[in-house]
Structure formats: C-alpha cells, structure tokens
Amino acid sequence: MKTKKAHLDLQQYGMFVALIAIFLIFNVATGGNNATPVNMNNLVMQNGYVVILATGMLLCVLTGNIDLGVGSIVAVTGAVAAILVVDKGASIPVAFLVALLIGLASGAFVGFFVAYIGIPPFVVTLATMLMGRGLTYTLLQAQTKGPLPENFNKIGAGFLPKIGANLDILCLVVAAAATVLLVFSELNDIRTKKKYGFETIPVWQSAVKVIVIAAIIWFFFIKLAQYNGIPMILVLMFVIVAIYHFITSKTVAGRQIYALGGNAKAARLSGINTKRVFFWVYTNMGFLAAVAGIVLAARNASATPKAGDGFEMDAIASCYIGGAAAAGGVGTIIGAVVGAFIMGILNNGMSLMGWSTDIQKIVKGLVLLGAVTFDIVSNRRKGN
Amino acid sequence: MPDIILEMNHITKAFSGVKALDDVNLKVEKGTIHALCGENGAGKSTLMNVLSGVYPFGTYEGDIIYKGEKCEFHKIKDSEDKGIVIIHQELALSPYLSIAENVFMGNEQTDIKGVINWRKTRSAAKEILAEVGLEGENVDTPVNKLGVGKQQLIEIAKAMTKNVELLILDEPTAALNDEESAHLLEIMLNLKKKGVTCIMISHKLNEIEYVADEITIIRDGKTIETLNKKTDEFTEDRIIKGMVGRELTNRYPLREGPDYNIGEVILEVKDWNVFHPDDPTRQVIKNVNFNVRAGEVVGFAGLMGAGRTELAMSIFGREYGQHITGSIKMHGKPVKIHKVSDAIANKIAYTSEDRKTYGLVLIDDVKHNMTMAALKQSFSNHGIVNANEEILKAEEYKKKINVKANSVNQVVSSLSGGNQQKVVLAKWMLAQPDVLILDEPTRGIDVGAKYEIYEAINDLAKMGKAIIVISSEMPEIIGTCDRAYVINEGEICGELGKEDITQERIMEYIMAHGRKGGNE
Numbered sequence: 001m002k003t004k005k006a007h008l009d010l011q012q013y014g015m016f017v018a019l020i021a022i023f024l025i026f027n028v029a030t031g032g033n034n035a036t037p038v039n040m041n042n043l044v045m046q047n048g049y050v051v052i053l054a055t056g057m058l059l060c061v062l063t064g065n066i067d068l069g070v071g072s073i074v075a076v077t078g079a080v081a082a083i084l085v086v087d088k089g090a091s092i093p094v095a096f097l098v099a100l101l102i103g104l105a106s107g108a109f110v111g112f113f114v115a116y117i118g119i120p121p122f123v124v125t126l127a128t129m130l131m132g133r134g135l136t137y138t139l140l141q142a143q144t145k146g147p148l149p150e151n152f153n154k155i156g157a158g159f160l161p162k163i164g165a166n167l168d169i170l171c172l173v174v175a176a177a178a179t180v181l182l183v184f185s186e187l188n189d190i191r192t193k194k195k196y197g198f199e200t201i202p203v204w205q206s207a208v209k210v211i212v213i214a215a216i217i218w219f220f221f222i223k224l225a226q227y228n229g230i231p232m233i234l235v236l237m238f239v240i241v242a243i244y245h246f247i248t249s250k251t252v253a254g255r256q257i258y259a260l261g262g263n264a265k266a267a268r269l270s271g272i273n274t275k276r277v278f279f280w281v282y283t284n285m286g287f288l289a290a291v292a293g294i295v296l297a298a299r300n301a302s303a304t305p306k307a308g309d310g311f312e313m314d315a316i317a318s319c320y321i322g323g324a325a326a327a328g329g330v331g332t333i334i335g336a337v338v339g340a341f342i343m344g345i346l347n348n349g350m351s352l353m354g355w356s357t358d359i360q361k362i363v364k365g366l367v368l369l370g371a372v373t374f375d376i377v378s379n380r381r382k383g384n
Numbered sequence: 385m386p387d388i389i390l391e392m393n394h395i396t397k398a399f400s401g402v403k404a405l406d407d408v409n410l411k412v413e414k415g416t417i418h419a420l421c422g423e424n425g426a427g428k429s430t431l432m433n434v435l436s437g438v439y440p441f442g443t444y445e446g447d448i449i450y451k452g453e454k455c456e457f458h459k460i461k462d463s464e465d466k467g468i469v470i471i472h473q474e475l476a477l478s479p480y481l482s483i484a485e486n487v488f489m490g491n492e493q494t495d496i497k498g499v500i501n502w503r504k505t506r507s508a509a510k511e512i513l514a515e516v517g518l519e520g521e522n523v524d525t526p527v528n529k530l531g532v533g534k535q536q537l538i539e540i541a542k543a544m545t546k547n548v549e550l551l552i553l554d555e556p557t558a559a560l561n562d563e564e565s566a567h568l569l570e571i572m573l574n575l576k577k578k579g580v581t582c583i584m585i586s587h588k589l590n591e592i593e594y595v596a597d598e599i600t601i602i603r604d605g606k607t608i609e610t611l612n613k614k615t616d617e618f619t620e621d622r623i624i625k626g627m628v629g630r631e632l633t634n635r636y637p638l639r640e641g642p643d644y645n646i647g648e649v650i651l652e653v654k655d656w657n658v659f660h661p662d663d664p665t666r667q668v669i670k671n672v673n674f675n676v677r678a679g680e681v682v683g684f685a686g687l688m689g690a691g692r693t694e695l696a697m698s699i700f701g702r703e704y705g706q707h708i709t710g711s712i713k714m715h716g717k718p719v720k721i722h723k724v725s726d727a728i729a730n731k732i733a734y735t736s737e738d739r740k741t742y743g744l745v746l747i748d749d750v751k752h753n754m755t756m757a758a759l760k761q762s763f764s765n766h767g768i769v770n771a772n773e774e775i776l777k778a779e780e781y782k783k784k785i786n787v788k789a790n791s792v793n794q795v796v797s798s799l800s801g802g803n804q805q806k807v808v809l810a811k812w813m814l815a816q817p818d819v820l821i822l823d824e825p826t827r828g829i830d831v832g833a834k835y836e837i838y839e840a841i842n843d844l845a846k847m848g849k850a851i852i853v854i855s856s857e858m859p860e861i862i863g864t865c866d867r868a869y870v871i872n873e874g875e876i877c878g879e880l881g882k883e884d885i886t887q888e889r890i891m892e893y894i895m896a897h898g899r900k901g902g903n904e
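Going down the list, the sequences are from chains B and H.
Residue numbers for the first sequence follow my numbering, so the first one is 1 and each next one is one higher.
Residue numbers for the second sequence follow my numbering, so the first one is 385 and each next one is one higher.
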C-alpha cells in the first residue's frame with residue numbers, strides 16, 4: 001500500500017460548514033438582520049439551555065437511547081426554584097441547590113429503572129415526561145410564578161461586567177485568548193502526530209482551518225462586544241461544554257460510555273459495569289436538566305407550567321444533526337453543540353423573517369431528516 | 385434401479401477464495417433417511433444451504449438434479465415450492481404466536497385473500513399436529529410455552545403444511561434430551577413410511593446408526609464416501625474413521641525446548657455446578673473439576689453445545705447461568721468472583737467464541753479495542769486516559785502478534801477475521817492475566833492467521849501463563865494442547881495426557897458418555 005497523505009476530513013467539519021452556510025443564507029434573506037449585535041446576543045441567550053440539554057442528551061444518545069423527560073424536568077426544577085424564592089422566601093443559592101438536587105434525584109430515578117430493572121429508557125422517560133409535566137402544573141396550580149428577583153435572573157439574562165464604553169474590552173481579550181489557544185492546540189496536535197509517526201494534514205489545510213475558526217470567534221465576540229458584553233449564560237455554557245468534552249474524550253468514564261454504546265455485550269465482557277454506566281448517564285441528564293431549568297426560569301424571570309415543552313426533541317435533534325448515531329457509540333459533544341446552534345440559527349432566522357412557528361417546525365423536521373440522511377448516505381459511499 | 389430423488393453433482397462453493405465445498409457429490413434415494421456426517425466446519429451446512437437456495441444459483445459450481453430435473457434455486461422460496469424444506473438448528477418460530485399460527489406461518493389459511501380463516505387454521509393445525517405425535521397439544525398455546533423438543537416437532541409440522549417431499553434437518557436433536565430425541569427419531573421413521581425423504585445432519589452417531597439408511601461422509605469440503613446400511617459396515621467406529629482420517633502436516637508450531645516449562649497449578653476449579661439462566665431446573669454444568677498449570681495449554685474438547693462455553697463464562701465473572709456453586713482457587717488461594725471485573729482483577733481472561741458479538745466494538749478503532757479491558761488499570765491516571773501510552777502499547781502489540789492493519793487508528797470492522805481475533809487476543813494480553821481462556825480462538829479464520837494465533841499461544845505459555853483452549857476442531861486440540869479434558873453434556877467425561885489425545889479417544893469418551901446418559 002502506498003503511503004497516503006492525510007487530508008482534512010471535510011465531513012468531520014461538515015457540520016461547521018453547514019452552520020456557516022445556514023447563517024449566511026439567513027443573513028441574505030433577512031437583509032443582515034440576523035448578524036446584528038442584538039441578534040447575536042439573542043442567539044446565545046435563546047439557545048443556552050438547548051446546548052446544556054444537548055450535552056447531557058449526547059451521553060444518552062451515545063448509549064443508543066434518548067431521554068424524553070428532560071423538558072418536564074426543566075419545568076419542575078424551574079418551578080420549584082421559583083416557588084422557593086417567591087413564596088417561601090428562600091435564598092437564591094438554597095433554591096438553586098434544591099432545584100439541582102431534584103434534578104439529580106429525578107435522573108437517578110430514571111437511571112435506577114433503566115439500569116437495574118432493565119426497563120427501556122424510552123418507556124421510563126416517557127413516564128417521567130408525563131409525571132414531570134403533571135407535577136409542574138400541580139405545583140404551580142397552572143399559574144405563572146413570578147416575577148423572580150433580579151439576582152435570580154442574572155444567571156439567565158445577566159452579563160459579565162462590561163469594560164470600556166462602547167466596545168467591551170473583555171470580549172476582545174477573550175477572543176484573543178481563544179485565538180492563541182486555538183493556534184497553540186493545533187501546533188501541539190501536529191507535534192504529537194509527528195512524534196508518533198502519524199500522518200499530518202498539509203500545512204495550508206491546517207492554516208485554513210485555524211483561520212476560519214478564528215474568524216468566526218472574532219466575528220462573534222466583536223458583535224457581543226458591541227452589545228452588552230459576554231452573557232452569563234455563555235460562560236456557563238462554555239464551562240459545561242468544556243467539562244463534558246473533556247469527560248467524553250479524555251476519561252475512562254467517557255470511554256466506557258462509547259464502548260457500551262458500540263457493543264454493550266463486549267463492554268460487559270471487558271469488565272465494564274454497564275449498569276453503572278447507564279445509571280450515571282441518566283442521573284447526569286437529570287442534573288443538567290435542572291441547570292437548564294434554572295437558566296430558563298431566570299431568562300423568563302418566572303416559572304411557567306409550559307416551560308421546557310418540547311426541549312427534549314430539540315436536544316435529541318441537536319445530537320443527531322451533530323453527527324451522533326441513533327444506534328449509539330458515535331457522536332461528540334462539539335457535534336451536539338454545533339447541532340444545537342444549527343437548530344437555533346434556523347429558529348431565529350425564520351422568526352426574523354416572520355415565519356409562523358408551524359412552518360418553522362416543518363423546516364426543522366426536514367433539516368433533521370436531511371442532515372441524518374446525508375450522514376448515512378455519505379458514510380455508506382465511503383464504505384463503512 | 386433405485387429411485388433417486390436428489391443428485392448433487394460436483395458442487396464447489398468458495399468464500400472469498402477459500403473452498404468450503406470442493407467437488408462434492410451427494411445422491412439421495414427416495415423414501416430414505418440419508419445422514420450427512422463430518423466434523424464441524426467440514427461443509428455439511430454449506431452443502432444444505434446450496435441445496436435450499438440460501439446460496440443462490442450462480443454462486444456455486446455444479447448441478448442439482450431433483451426428481452430428474454435440473455434445478456436452479458435463486459431463493460429459499462424456490463426450493464420450498466418444489467417440496468424441499470430445511471429446518472435449521474436455530475428454530476425459526478415466533479415465540480409469542482400460537483402453535484396454529486406458527487404452523488401456518490407464511491402459508492396462512494385463508495378464504496378471502498389476506499384474511500385469515502381461524503376455524504380452518506385451528507382444525508388443520510390439529511390434524512397436522514397428530515401426524516407429528518402432538519395430539520394432546522392445544523393449538524392456541526404460544527410456542528414459547530413448549531419445550532425445545534416440542535418446538536422442533538412444530539417445525540416439522542410447519543414443513544408438512546408445505547407438502548414437503550425432501551426434509552432437511554440440521555442437528556435436530558442437539559438441544560433435546562434423550563426422551564425427546566427418541567421421540568423425534570420415531571417421527572422421522574414415520575415420515576419415511578409416508579414416503580418423505582429426509583437428509584439429516586447430526587453429530588450423534590448412535591442416532592444416525594439407528595435411523596439412517598445411507599451415510600455420506602464429508603471432510604474438509606470433500607465427499608469421502610457413502611455408506612449403505614445394507615451393504616456396508618455401519619458402526620460408529622466405522623463412521624468416525626471416515627470422519628477423522630486425515631494426516632496432519634505441521635499446521636501447529638511446536639512447543640519444545642528449555643523455555644517451555646509446566647509449573648505449579650494456577651487455576652483450580654472444584655465441584656462447579658451451573659444452571660440454565662432461563663430455566664432453573666436445567667443443570668448445564670454438572671460437578672466439574674479441573675485445573676491448569678503455569679505454562680500449560682489445556683484443551684476443552686467436545687461437540688458443539690457440550691457446555692464448554694457455558695463453563696468458561698460461568699467462571700468468568702458469572703456471565704452465564706444461575707445458582708452457581710463450587711470453588712475457584714488461583715495460585716492455591718480461594719477467590720470470590722462475582723462479576724467480570726473481579727475475574728480481571730484475579731487475572732483471569734476470556735476471549736469469546738463470537739468475537740463480533742462479545743469481543744469487539746466494531747465501530748471503534750484498533751487501539752481503543754485493544755485497551756478496553758485494561759484501560760482503568762494500565763492506561764489511566766485518576767480516571768483520565770493516557771492516550772499516548774495507549775497508542776504506544778497498541779503499536780507494540782500490533783507488531784508483536786502481527787495485526788495487519790494500516791494503523792492502530794483503523795476501525796476494526798474493516799479488518800479480516802483473523803486480524804480481528806488478534807485484536808481480541810491483544811486486548812486480553814494487555815490485561816496481563818495469569819489464566820487465559822480462549823474459546824474457539826481460530827473459528828472462521830484462515831490457515832495462516834491460525835498459525836500466528838498458535839504461535840501467540842506458545843509465547844504466552846513460554847511466559848508461564850496458564851491457557852485453556854476450547855475447540856470443536858479436534859486437530860486443534862491435538863496440535864496445541866499438553867492435556868485435554870473431554871466435555872459432554874456439561875460433564876467432564878475424560879481427561880487425556882499429551883500422548884493420549886487422539887480424535888478416536890476423544891470421540892470414544894463422548895460416545896461412551898452419551899450411551900451412559902441414555903441408559904439412566
């Protein structure tokens with residue numbers, strides 16, 4: 001076999017390309033309205049909780065399953081936090097803590113039935129979806145609970161303090177730091193590959209990749225700098241995505257999830273406690289649903305019985321659009337995040353164009369189907 | 385002039401260049417029971433799959449002449465239309481449907497097209513059940529409520545609704561107890577009286593001796609001979625001679641010299657009893673005792689379904705069975721093994737006979753598969769994977785046992801069977817066990833890769849590991865093992881030292897044990 005030079009796997013970045021393409025299409029269609037500083041800020045604010053849910057959902061999808069109950073858990077935890085603060089006069093940290101514990105408990109509840117009783121996750125989470133929604137309506141007596149105090153709302157609607165008058169300096173610092181980090185990690189990657197004698201992609205391709213990503217980062221942060229600076233939720237999102245990216249790609253626990261999803265029997269016979277993995281994947285999903293619940297309540301400055309309705313579908317769709325396989329074992333956190341933003345840009349762009357939510361659903365459905373079809377067909381052509 | 389119903393002439397069938405059948409000839413007389421004998425992998429099932437159209441016309445060479453007419457079957461339906469029905473070892477019944485529904489599956493009783501006539505279905509099912517000796521059964525019973533023996537009879541009933549003239553049974557009694565087997569054989573003799581011709585594949589030579597009129601022996605994809613009950617000697621010994629009479633020429637690397645030493649007992653299993661995971665009354669492993677020494681390769685010989693895999697998996701973290709009793713000692717000390725991670729911690733490794741289902745994550749790459757069992761112990765710090773170390777070790781083992789892959793990043797599903805097996809072996813070598821249980825380590829892989837696996841086994845022995853080789857290929861047991869246990873129906877029925885391991889001795893033990901079981 002002749003030695004072949006590696007090339008940048010475009011398919012690996014296909015989702016990024018699609019993200020940019022969709023953004024540009026709407027940019028033309030809305031006459032540039034989707035690239036205004038306000039709207040860029042909205043994109044982050046509106047999609048924060050979907051991104052958070054998608055990171056948790058990706059772990060479920062990696063096992064070859066989904067969690068239908070997250071939308072309801074978002075509602076329950078948001079409602080509990082709101083009731084504690086508004087009605088019971090609890091302090092905000094206490095309310096957050098209780099909401100997170102409830103999320104953990106509901107996740108452990110699902111995990112217990114899935115892992116130790118052996119009920120299919122689809123069934124268990126369908127049950128928690130119904131129970132959670134019913135519980136929310138009962139707790140809130142079908143009323144909206146609000147308004148929530150300003151300190152509560154910061155987590156969903158607040159910003160990091162702005163430095164400078166017009167253009168936020170902090171944004172620029174972050175963008176600069178990200179660029180340095182990006183270049184450094186690419187160089188490091190090339191060095192390791194060379195050290196182990198692996199094929200490296202041509203330098204110009206590396207350069208193009210870095211330049212494109214850096215351009216997106218600068219574009220994004222300059223827009224944010226022109227508005228109110230860095231939203232709190234962006235920080236939270238970044239931290240969560242970074243943690244879960246690390247877990248899935250660098251830890252034993254993460255590897256065990258992939259092994260389980262790829263072949264549960266082989267994983268078991270390799271000494272992996274598959275039940276425990278299942279349990280923690282679903283417990284974790286409950287926890288992240290609670291985080292999303294708090295963020296959503298904070299952004300709306302209130303808890304509503306219908307909160308989080310359909311979020312589970314957005315999170316699941318994000319994972320699939322981001323290249324995760326429905327059969328399990330394939331997918332990345334970054335992919336799920338990109339998937340979530342593709343959905344977000346679609347939503348946002350169509351809203352800006354004044355399309356009704358009914359039409360938006362049709363388009364979202366088609367995009368989901370199209371993305372997965374593209375993925376499967378192009379994989380088949382490659383012969384794996 | 386005998387009335388020949390089926391002639392298969394010069395059948396040759398190759399799988400990616402390897403000939404599974406090489407100029408095979410088979411002649412079956414109408415109204416007789418014809419047995420096909422041969423070792424596992426000799427080509428019996430392949431021949432029957434050619435006949436029934438599983439391998440369509442054009443994918444093999446040679447002619448099939450059925451009832452004097454040359455046939456070209458492109459799919460199973462084609463052969464069924466002519467009255468040829470095959471009943472596979474794995475039953476094709478739908479477990480939650482009733483007996484009547486199963487009997488007429490794919491052949492539903494209707495008046496109006498597409499609408500089932502239940503009255504007709506039930507009464508017709510009743511009639512057919514009587515023919516296979518199941519008069520007493522309620523036709524509305526779901527088939528999963530029946531034992532395997534009765535399910536086998538339902539399969540035959542199903543074949544009869546298709547106006548079967550030539551019935552092929554692949555290991556029909558493998559999963560049955562003696563009483564059920566005897567009943568099935570009677571049913572076969574009954575069918576013969578009614579003019580149905582049977583071809584039967586079986587390892588149970590005493591049964592063949594009893595029911596068959598003619599026997600064709602296949603070895604290594606070639607027809608060796610056909611014996612006739614009336615004219616030839618028709619004994620088990622005679623059949624065994626035909627089945628195993630092959631010369632062995634250097635297919636196994638030698639394990640001799642000062643580097644190879646057999647030392648202390650490493651693994652000792654005593655009074656091991658295991659019950660079936662779904663049926664607590666069925667004992668699968670009965671009072672098994674065995675041991676393996678350092679540097680020793682011990683074979684578990686026996687036929688398919690003898691309980692060897694079940695024995696291994698029940699020891700390996702209780703992955704098979706329930707109500708397991710008995711004791712395991714490692715290096716003379718009793719150990720408690722409740723789950724796979726306990727087994728790994730006690731330095732026991734097991735490679736499955738089915739590498740694709742139980743051994744590999746096919747969508748993942750070579751390095752991740754290799755490190756899967758040892759990830760926590762050897763390739764991580766505080767739960768964080770040391771990816772560099774992982775790549776280095778994977779590269780090392782790739783070279784060591786010659787895994788033919790472009791790199792350790794290649795996805796294992798794209799490797800050949802032999803190389804996949806090497807990845808599995810590397811996975812367990814990386815877990816640094818003292819005992820390796822290798823279940824059918826060379827199943828379905830080519831001769832060259834087999835040799836390399838045997839060399840790897842020798843290397844492990846040299847390092848003082850205790851190795852158990854489970855194999856249905858007797859030459860493999862003979863060629864690789866220092867000692868062998870013969871296992872039949874969940875019991876150890878014999879132990880053979882290096883010089884005594886021969887195919888004849890193994891078969892004798894199995895036959896003797898089978899007869900003893902029959903008398904009880």
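There may be inaccurate statements among the hints.
[Said to hold, decoys possible] Taking lysine-lysine and the PhoX-like style, the derived pairs with C-alpha atoms no more than 20 Å apart in a straight line are:
1) B:Lys265 with H:Lys414
2) H:Lys834 with H:Lys846
3) B:Lys275 with H:Lys451
4) B:Lys250 with H:Lys777
5) H:Lys606 with H:Lys578
6) H:Lys846 with B:Lys195
7) H:Lys740 with B:Lys265
8) H:Lys414 with H:Lys577
9) H:Lys576 with H:Lys414
10) H:Lys576 with H:Lys451
11) B:Lys195 with H:Lys451
12) B:Lys193 with H:Lys900
What the hints contain is simulated information worked out from the structure, not anything from laboratory work.
Against the structure, the hints come out as follows:
1. B:Lys265 with H:Lys414: violated, 47 Å
2. H:Lys834 with H:Lys846: holds, 18 Å
3. B:Lys275 with H:Lys451: Outside the cut-off at roughly 57 Å; violated.
4. B:Lys250 with H:Lys777: Since the Cα atoms of B:Lys250 and H:Lys777 sit roughly 17 Å apart, the hinted pair holds (cutoff 20 Å).
5. H:Lys606 with H:Lys578: violated, 32 Å
6. H:Lys846 with B:Lys195: Not satisfied, since the Cα-Cα distance of roughly 33 Å exceeds 20 Å.
7. H:Lys740 with B:Lys265: holds, 10 Å
8. H:Lys414 with H:Lys577: Holds, because 11 Å separates the two Cα atoms, which is no more than 20 Å.
9. H:Lys576 with H:Lys414: holds, 9 Å
10. H:Lys576 with H:Lys451: holds, 17 Å
11. B:Lys195 with H:Lys451: violated, 70 Å
12. B:Lys193 with H:Lys900: violated, 64 Å
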